[in-house]
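Colleague: Residues per chain, in single letters:
There are 2 protein chains.
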Amino acid sequence: MKKYDVVVIGGGPGGYPAAIRAAQLGLSVAIVEMNRFGGECTNFGCIPTKSMIKPVEAMWYVRNKDFFSGEVSLDFQKYMEWVKGIVGRLSNGVRDLLKGNGVDMFEGRGRLLDRYSVSVDGSEVLQARSIILATGTSPSSIPGVEVDGEVIHNNRTIMGLKRKPSSILIIGGGYIGVEFASMMSKIGVEVYLVEIMDRLLPGMDSDFSRFIERKLRSYGVKVFKGTKVDEVKKLENGVRASLSNGSSIDSEIVLVAVGRKPNTSDLGLEAAGVETDPRGFIRVDGRCRTNIPNIYAVGDVTGGAMLAHRAFMQGVVAAENAAGLNSVFDARGIPAVVFTDPELAYVGVNKEEASAMGIDADSVRIPLGGVARAIIDDSADGFIKVTFDRESKAVLGVHVAAHNASEIISEATLAIEMGATLEDLALTIHPHPTISESIKEVADVALGKPLHYLIRRRG
Amino acid sequence: MKKYDVVVIGGGPGGYPAAIRAAQLGLSVAIVEMNRFGGECTNFGCIPTKSMIKPVEAMWYVRNKDFFSGEVSLDFQKYMEWVKGIVGRLSNGVRDLLKGNGVDMFEGRGRLLDRYSVSVDGSEVLQARSIILATGTSPSSIPGVEVDGEVIHNNRTIMGLKRKPSSILIIGGGYIGVEFASMMSKIGVEVYLVEIMDRLLPGMDSDFSRFIERKLRSYGVKVFKGTKVDEVKKLENGVRASLSNGSSIDSEIVLVAVGRKPNTSDLGLEAAGVETDPRGFIRVDGRCRTNIPNIYAVGDVTGGAMLAHRAFMQGVVAAENAAGLNSVFDARGIPAVVFTDPELAYVGVNKEEASAMGIDADSVRIPLGGVARAIIDDSADGFIKVTFDRESKAVLGVHVAAHNASEIISEATLAIEMGATLEDLALTIHPHPTISESIKEVADVALGKPLHYLIRRRG
Chain S
-12 MKKYDVVVIG GGPGGYPAAI RAAQLGLSVA IVEMNRFGGE CTNFGCIPTK SMIKPVEAMW
48 YVRNKDFFSG EVSLDFQKYM EWVKGIVGRL SNGVRDLLKG NGVDMFEGRG RLLDRYSVSV
108 DGSEVLQARS IILATGTSPS SIPGVEVDGE VIHNNRTIMG LKRKPSSILI IGGGYIGVEF
168 ASMMSKIGVE VYLVEIMDRL LPGMDSDFSR FIERKLRSYG VKVFKGTKVD EVKKLENGVR
228 ASLSNGSSID SEIVLVAVGR KPNTSDLGLE AAGVETDPRG FIRVDGRCRT NIPNIYAVGD
288 VTGGAMLAHR AFMQGVVAAE NAAGLNSVFD ARGIPAVVFT DPELAYVGVN KEEASAMGID
348 ADSVRIPLGG VARAIIDDSA DGFIKVTFDR ESKAVLGVHV AAHNASEIIS EATLAIEMGA
408 TLEDLALTIH PHPTISESIK EVADVALGKP LHYLIRRRG
Chain P
-12 MKKYDVVVIG GGPGGYPAAI RAAQLGLSVA IVEMNRFGGE CTNFGCIPTK SMIKPVEAMW
48 YVRNKDFFSG EVSLDFQKYM EWVKGIVGRL SNGVRDLLKG NGVDMFEGRG RLLDRYSVSV
108 DGSEVLQARS IILATGTSPS SIPGVEVDGE VIHNNRTIMG LKRKPSSILI IGGGYIGVEF
168 ASMMSKIGVE VYLVEIMDRL LPGMDSDFSR FIERKLRSYG VKVFKGTKVD EVKKLENGVR
228 ASLSNGSSID SEIVLVAVGR KPNTSDLGLE AAGVETDPRG FIRVDGRCRT NIPNIYAVGD
288 VTGGAMLAHR AFMQGVVAAE NAAGLNSVFD ARGIPAVVFT DPELAYVGVN KEEASAMGID
348 ADSVRIPLGG VARAIIDDSA DGFIKVTFDR ESKAVLGVHV AAHNASEIIS EATLAIEMGA
408 TLEDLALTIH PHPTISESIK EVADVALGKP LHYLIRRRG
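Chain order of the listed sequences is S and P.
Letter by letter, the first sequence follows residues -12 to 446 in the working numbering.
Letter by letter, the second sequence follows residues -12 to 446 in the working numbering.
Worth flagging that the hints you see were computed from the coordinates, not collected in a lab.
All figures in this text were calculated on a predicted structure; none of them were measured in a lab.
Hints may contain errors.
Which copy is meant is left open, because identical chains are indistinguishable; a pair holds if it fits in one copy or across any two.
[Claimed, not checked] 30 Å max Cα-Cα, derived DSSO-like pairs, lysine-lysine:
id, residue 1, residue 2
1, Lys436, Lys(-11)
2, Lys41, Lys65
3, Lys65, Lys52
4, Lys436, Lys(-10)
5, Lys436, Lys86
6, Lys41, Lys71
Here chain S stands alone, though its shape is the one from the complex (with noise of 0.2 Å):
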């Protein structure tokens, strides 16, 4: 029986920062993977839709502007395999990584058998002095609509696509639902977006709702909101869905892409003693302990928002609880993003939120048809609002929906760790030309002293 300081469950963006972080600070770690290294993120989540945005951004804006000429077209097998290619590339980053920080690995599922006992797939048992679990989630499902891999998909099996569907039924608005329908779109597929609630989106704030709903529909997606798919009849070319609205959507293929749920089951919480909430995510404090001392959960099993990025922070602190120091996961701010075209990032609060807070905040909006990058980067129909402590003039929040978001957002981020105001923003030298700027510009309007703007306050 191997005996180690740390055992971390799960490989992922939760577990491998963990043991990394354990191992750099002198503990003995082993970490357990049952499927890839990389975890979600890697294998199926944020690096492949990421990967595969990229050349469908290129080829759209070749195929739009009219001083190209030609045709270009997209081999959808090479395209794919490029994709895995820069999976396996990272996966296997992933391996190296924990290796060069003397990481034992150990491939299989691994399960609980009391506080201090983990066995990989039932036979042999690691020995912990503190266990972190790193599991993650997995697609839910919807009854009546059961994935099968191959008619329909959910993130996971629809990696596995060999040729362009000619169209797709895509279940659920959420941020997979609009990035896959923003992608899928341009390259040519027929695009069904079928949400439930009232709007896309519907965690976030309802300017993207609104935002992304018009980009979408300009690309020929076809979108329900309000909608239910009461079930999936497969034909035989694709599959025909029943909508409660009465009417019925025929397509190719379908991606169910309806929320996550915890892979808690046949871990063993109950051999240990972990509590769970109610919807069986792992209940933590904000040093990522669970109510027993010795054992830690990090990432989207302890639910929350569900972004490989907080995994990063909370496996870090979790690994730096175990070694004795004193980490807690207290950050300001963590941002978001959704992939679609043009990206939607965020970070803090909105006025609403701000409100039900009790904080007496206001918000500025502007669209960025003053920025010139965003002209020129035909991003002019965006736009970035900042939310402010109406007193104290203190950033409480940015949303910004345009090319580069993901890129520009996390200047906001530091400034909300940092407790900057308007005025920090406003004072700070932004490069011309860049999207960036529209930070410095916005804060610049909240404050009544706009340089590319003509006063239009209120967002």
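Given the structure of chain S, go ahead and fit chain P onto it with the hints provided.
Modeller: Only chain P this time, still in chain S's reference frame:
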């Protein structure tokens, strides 16, 4: 004779912000522009060149990925018309902003008659309590290479190109030279780049020089360093340039990009008693005041870093002082970008510059091979370098060579403005997958706790 609180001479990135801000502060303002509103930046610099880049990048990407088939070609004339369209939109936008803020616009050459009056084209005279000089710079020329706007160009005349040349000799390996070399080589123009100093981008960090030379050579650019162009002779179809190394280059056209000279001749500086430095740039203090109390100068005509975004801020400072506020230009960090592929961006100082200032600094540089988005975006061969105070760990400078470096440098600029430490960057959650994660990663490496790198210290 019209009387104003403020008369601004020059409608570029220094002048128009000065006029707008002065008007916002309740002053009566006139602005005099002899060419086109928006100035060098909007009409001949940042805007047209950055507009030219995006289509080139998209075409290059599509041509170089084997999952695309078919051939796409660029209609050079339509492309340049599209560029002109953006320039026109933004130049008109500047006029609209001036008008919307109640600024009176005069077209013609502005000249100081004395400390309180400005003539427009030698006829109309404007009386002013304060005058703000924002006349910018013009391209320098070199003996024996006379710009004719047909075969031999500077950055202004080259915007009138009607068709794609087969080859170009670029004289000067500064930022204009390398940007055109990057762009032109990728649309299939044979590029010769000649720099008199022993490295490209001689004013910048030498890591940039080495990096961009390697990239340009990979695009097929022929780079000649430590080489002078002695003479350029016109041939029937182009030119023949004689180099100091004894060889010669034949090319269809030439771009001269060897620096800038201040637009101070024929400005009436002597009549008002305004002092210049030995190179002809107008001397100003931190409040943008010249030696004459009611006369200010802003932007490139004051020398220093010739950047539109620095001029924006100086224009605002001058206007605020003219309005009786006490405003100082004291930006700790002025970012700068070279819009090559990939982009080079920096803010603050490198280790050598910090040491020269007497600061005990260190720097850490990492390649971007461990940053997922850099791999996706073909930027894995780029790098990021952070320079910091060895004792306090305060961030002193950041240098980035990557896709979208121009956007991510703003976070680094805010960090420097707010006195952030490495730990502040490391504790800020960056969205995954983005290039901006490299800012956190390089801080993590410098702090000895990298997640996505095995220890590689010392930049």
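Colleague: State the violated hints by number, sorted upward, taking the hints as numbered earlier in the document.
Modeller: Failing hints: none at all.
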